[in-house]
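Peer 1: Sequence:
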Amino acid sequence: MDRSPSSIPAVMPRRAPSARWGCEWLPVAGALLLLCCQVYGVTPRQFPAPLWAYAAEPLLWLGCGLWASRAWRREKQLTPALERQLLSAAAIAAVLQIALAIVGGAVDGFRASRHGSTAALLLDGWRLAAQLVGLELVRWRLVALLRLRGAGLALAASTLLLGFAESRPWVVIRPGPGAAAIPLLGQHLLPAATESLLASYLALVGGPFASLAYRGTLAAFAWLSPVVPNLRWPTAALLAVGNPFLGWLIVSDRLEQDRLHRQLEAGIAAGTAELTRANALLQRQIAERLRAEEELQRRNRELATLNAIASSLGSSLELAHLVGSLGRLLAAELGIGAGALYRYEPEGEQLVLRAAWGLAAEVEEGMRRLPVAAVDRGWAEGVCTTVDVAASAGLRAGPGAPALPGPVAARADASAPAGDGAARGTPAQAVEPAAGRQSGPGGQLGPVPCPSPCLCLPLHANGGLSGALCLFGLAPEGLAESDVAFFRALAGQVSVAVHNADLYAAVRAGRERLQALSRRLVEAQELERRHIARELHDEAAQALTSLKLGLGLAERHAGDAEASRAHLRQLKDLVDAVSENLHRLASDLRPASLDHAGLVPALRQ
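Numbering follows this note's numbering, with no gaps: position 542 of the sequence shown is 542.
Read the hints as simulated data drawn from the structure, not as lab findings.
Model, not experiment: these values are computed from the prediction.
Just to be clear, a hint being listed does not mean it is correct.
Label pairs and their in silico Cβ distance ranges [claimed, not checked]: (1) Ala-361 / Ala-485: 30 to 38 Å; (2) Phe-245 / Ala-266: 28 to 36 Å; (3) Ala-361 / Leu-527: 22 to 30 Å; (4) Ile-182 / Pro-226: 26 to 34 Å; (5) Val-95 / Glu-256: 14 to 22 Å; (6) Leu-514 / Ala-292: 52 to 60 Å.
Think of the CB as a built atom: it goes at the ideal place given N, C-alpha and C, for glycine as much as any other residue.
Taking the hints into account, I'd like the entire structure generated from these sequences.
Peer 2: Put into structure tokens, the structure is as follows:
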């Protein structure tokens, strides 16, 4: 795993090197060295020691820090939110370093801390805090400027400059034996350099607050603990070499955990987004399936309704029974409780009411005749002046009609309009047109109040318009194309049923006329038979009786020739009269002109 400084994400984003950023670190380094020379070399001799230690020196460090913090405030928009994990990692590294020092102190021994009384402790804390804040702000500024030229250069330069600034220059250059330089290096310079290196690394990856957390924890232990480890130079050098590596491992592990956590969060976010998209797709599929199921159920209900209506309409050929069954099925299946069936009269271009159900008496009376014209104008004015059943679409409705999702959801409350009484729930009965109803100019009827939105469906038979079916409580503009197709199929079934009922009525009327003609024929035959019997009885029978009596007289007067001849002449005349009467009766039964001229000329004769 690559944990080099260049591979570890820093709080500050990289920017392209520029001439301004490439030269700004030199004034910062020079000002820091000048401040160290003034603090540790010249200026302390010009002020009293307490005034310098607790007033001038802290103010100088704070001023230097404020000067460096100007750039931090200016570049703050380039810095992401402070990560608490880096602060805790820096504090843990400092605590672990203190623990190792205590372990070393258990071997080498302890010594008393440098703090004095309570007042000196507070003043030393103020001095230490000011120095730490100033140094760490300057450290961050140097790291930020040099990082553009490389993380290694930034770590090396800031470690050397800040380590030199915190050490005593005169101690470093003070002459002495070579053997004394080794303990000085192991006990002072090497620990200061490694501590500065780790602080620079923390400033590089976490900003000034991370290095302050590390340095502040170490300083708090050194100044607040009553005893501190008194390490010999080998132990101090060993710990100085191991402490930066140990701190780097801790901070790098936190950074790696943060990177893995970010990757995990990114993976979770990507998985969540993918799951969200999959859920959205699944929801859409479920919604589409539900819509398809609802559409299928609605289609099944429509087909079941059409089948029930077709079965009911086909079970009877009586118009009254047919309309009653239709009204009950429409009310039960579709919630349509009011309707009217009209017959088309082409002579007057009118619709004549044949049957109605669910309408009040006065409404039914006012809608017995409706003209077939000006339907759009009539509905726009809110009155049922006309119904255009001959329109190709066959759909018209009044204004303000509610939007309906389908025929099954039709409002049932619109099926009982107000009137002088409740809408009739009995089966619809055929009605005859009201007599004496006058029409307006040009044969147009006056306005008739519309009881509710109306769906008017044309009925066709033999390729032409035969009537109309008006359903109240439905608005055509609220119907989908599938609903329009459903009602057109309904109109087709009603058309066939009504046409069959009309044909049945015509056949029944023809049968009744045939029966009447048969009865009249039988009556005529009986009358003619009585006439023939009367004619035979009144004329032929009497003549034959007379002939019989004359023959008897002739027999008695057989000896008297003159009397016999007279009786024979009378009998001959009587036979001629009987023959003439029989001929006349035969002519009355079937005249000879029927065979020669035909029926019509014979009737004219």
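Peer 1: Are the hints correct? Go through all of them and say.
Peer 2: Hint-by-hint comparison with the structure:
In this structure the supplied range 30 to 38 Å holds for Ala-361 paired with Ala-485, their Cβ-Cβ distance being about 35 Å. Separation of Phe-245 from Ala-266 is about 31 Å and conforms to the stated range, judged on CB atoms against 28 to 36 Å. The hinted range of 22 to 30 Å is not satisfied by Ala-361 and Leu-527, whose Cβ atoms lie roughly 49 Å apart. The hint said 26 to 34 Å for the Cβ distance between Ile-182 and Pro-226, and at roughly 30 Å that hint holds.
Val-95 and Glu-256 have their C-beta atoms about 20 Å apart, which keeps the hinted 14 to 22 Å range intact. As the Cβ distance of Leu-514 to Ala-292 is approximately 57 Å, the hint placing it in 52 to 60 Å holds.
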